[in-house]
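Quick note, the sequences are listed as chains A and B, same order. When we follow the numbering used here, the leftmost residue of the first sequence carries the number 1, and every step to the right adds one. When we follow the numbering used here, the leftmost residue of the second sequence carries the number 1001, and every step to the right adds one.
Treat the hints with care, since some could be wrong.
What the hints assert, rightly or not - DEER-style ranges, computed between Cβ atoms:
id, chain 1, residue 1, chain 2, residue 2, range
1, B, V1226, A, D318, 29 to 35 Å
2, A, D437, B, T1181, 28 to 34 Å
3, A, D437, B, L1174, 33 to 39 Å
4, A, G479, B, F1114, 42 to 48 Å
Just so you know, the hints here were simulated from the structure itself, not pulled from any lab data. The beta-carbon is built from N, C-alpha and C at its ideal position, and this holds for glycine as well.
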Amino acid sequence: MKRLIAFIAVLSVLAPAVWAQDVQFTCSVDRTEVAVGEQFQVTYSLSGGSLRRYSDFNAPNLNSNFLTLHGPSTSQQMQIINGRVSTTISWSYVLQPRSVGSFTVPSASINYDGSRLSSNTVRIKVTKAVPQSGNQQQQQGGSTQSRNIDLGDELFIRAIANKSDVYIGEPITVTYKLYSRVAFQLDNPIKLPRMVGFWSEDVETPTQLRPRVEVYKGRQYETFMLRKVLYFPTQTGKLTIDPFEVGTTVRVRKPRERRGNDAFDRFFSDPFFDRYENVKKSLLTQKLNVNVRALPETDKPENFKGVVGSYDMNVQLDRRKLKANETATLTVKLSGQGNIRLLDEPSITFPAGVDHYDPTISEDVHPEGGTMTGSKTFEYILVPRYAGKVTLPPVTFSYFDLESKQYITLHSASFELDIAEGDARQQAGQLEQEYIDYLSEDVRPIRTVSGPLPSSEDPGIPLPLMALFYLMPVVATVGALLWKRRYDAARGDVAGMKRRRATRVAEKHLQNSRRYLEQGETDTYYLEIARALWGYVQDKLGLSTSATTMAAIVDALRKDGVDDALSAQLQKALDRVEFARFSPTRANEQEMQSLYDETREAIISLEEAMRRSA
Amino acid sequence: MMRIFCIVILSLLSVAVVQAQPRDRFDEATSAYSNAEYKQAIQLLHDLENEGYASFPVYYNLGNAYYKNGNLGAAMLYFEKALLQEPGNADVLHNIRVVRARTRDRVEPIPLLFFVRWWNDVQNAYLPATFFSWSVAFLWLLAASLFLFFGFRRVLLRRIALVASIATGVFFILTVVLYSTRLEQISAHSNAIIMPDETTVLSTPDATGVESFVVHEGLKVQILEVREEMYHIRLADGKNGWIPRSAAERI
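Next up, chain A with everything else stripped away, as it sits in the complex:
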């Protein structure tokens, strides 16, 4: 019976680890055996999944067997393992057992994504005496033991500061480095202590630890840069940078007890068969002492606001000429090295009659390479209210230069503003006036609806409908064009066909007339010439034979944008052809030849003119 209970107990402890592969809600203790009056820590943690989806952590009643000294304190961790982000949120309590015996740390429950998860329970053995190290029971599900082992020089972290004697505001770069000669694993996310007297900024936090070999005190170590932090002292005097703690798990060889001297045992006592165990070890750096000196009092500028570093100032005004009530922007950019995040705005005295607003501040900080460099930009919007000339006095900015150990004051040029008479409509305080106007007003009455209440609708048009609407005009155009072509072909598009074929027809007639000219057949020659020219003009201009008069031709030519000189040339040719055709006297061969040339030329130039205007 006892065995059965023990079996069930073991199963119930292991169960959550089996079924919850993604999201786990577990209970763990830092040790399973404590003495009365000693403290131990219980942690309920939810890991994996998205932390946004949990809700409603239901704390167990711990006070029946234990005394809650502290808690619950919650913490969140985020780890990136092989590119996967895993987050853990945990609630921890510091407890003290009330009496000797064996107790169960009850389970807590939490709501995750609608379902309720319960953690496992853990048994705690409470003894009278302080338990001896090495005599501890293993924790549930893991092989991690918490034991105070002395690793000595094998594994430690150091804080290395680049200087220990600084002026107030001068940054100290502290590099936290881990030195190791054993296999280890970092547990806790590295958390910096909150310190009084310093303003800190992480400048380098490697996401992956890269080992480097370094010799320290005559021994060779693998070193890992854990973090680089800039500390800006904000107080003077002797300050300390608190130790920085890192939790690690170390694999150590577990010493085997040798029972007898038999061969079997000797065989297994070979180091190859040595058992290893994981031991938690927290590492602390040494404290760093820093002497922070005050800045010298001599030559301290009046407008000095405690800025330390080295800076440049760039001041720009976007426009010098404007009307009253229009806006101009004054941009002051401070760039350099130092605590850029804490930079105050430079001192600017704005002349009377120029309204200005709180500046828009933008930062561009690069905390890399052990220093903080970057820039801070202040943008002031200025609104001159009256016409005239106004001078903006120079912008000044003072800082203590760390290189030369002296105060430096930067001055900008002064700017002259030329303000013209403004638009009367744009009165000062227009915005404020609007606010005042509406203060006395009430909201308009509420709406009533007639008919059914309209339901909410999606503002977007569904994609298929959109495609349909857009495709319809395209399809319609293509369809209409195809239809038009078929319609033209069916109707014979007499005019169009004639126009397209006019040149070829004219050419044919001209060729015929040339042949007749050579053969001396004068009548047919004239007929062909006339057909060539008249036919061409009619076809090209779309005139019917019966409607072709000289006036109609001139009209049509003008409509088609043919210039008057060409029109005149064509008229002359037409006249000559008519005259020659119906003249009672027969012309000689030379004259007929020149008539042929003239006609041909007229057709060619008309052809060119039509092509140009088409």
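For chain A, the structure is supplied; the task is to place chain B on it using the hints.
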């Protein structure tokens, strides 16, 4: 037996009462409003909103009820939502100014270039569906002018058709861009209203952020970026910073 029958009838009746017509519940909210029972009106209207009747009258009346109940932030939120449903509605614009006059922040917008201002004015004055219908209309005009250009040979006609197709093509593209940017603006919910009395705006989203300035209930801000539990916001005057998500409600 009679008792069971009565119970059945009564329970049927009560179901009918609970599932009253949306229209009736809207009227109920209206009368609650006129009886100065603003909390009840808000409750009824919210129920309607959640049931899929999130239309202009519901948003508008919610804005009024919240205003009368003294919740300036929520009033502003619902008036802005109503404005998205009916852009340029004079009553909503009036009410928004009334609420703004009572909020504590006075934010002067950065003067914009005139064409940017025109673009914004046009974009905010119509519904996405309106821009879509315009774009379809312009596409038909474009199609017609292309038909004239390709289908006919009259020189003058073709010239006119070419100019017309370029013009309608430009207008078509403009309206498509207006449609998509307006739709994006609405569905991305890139604007939000500050809800708590007072919220400190931080310079960065993490613990090292310094307090930049303070905003108050009812202020409209633009959301530039979302990170973890923080919104990166920008005010109309260009000031920007980070606030917790809980401090702002997206429109």
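These are the hints, each one checked on the structure:
Judged by the Cβ atoms, the range 29 to 35 Å given for B/V1226 and A/D318 holds: they are separated by roughly 32 Å. Between A/D437 and B/T1181 the beta carbons are some 32 Å apart, a value that agrees with the proposed interval 28 to 34 Å. The supplied range of 33 to 39 Å is met by A/D437 and B/L1174, whose beta-carbon atoms lie about 35 Å from each other. Checking the proposed 42 to 48 Å range against A/G479 and B/F1114 shows it holds: the Cβ atoms sit about 43 Å from each other.
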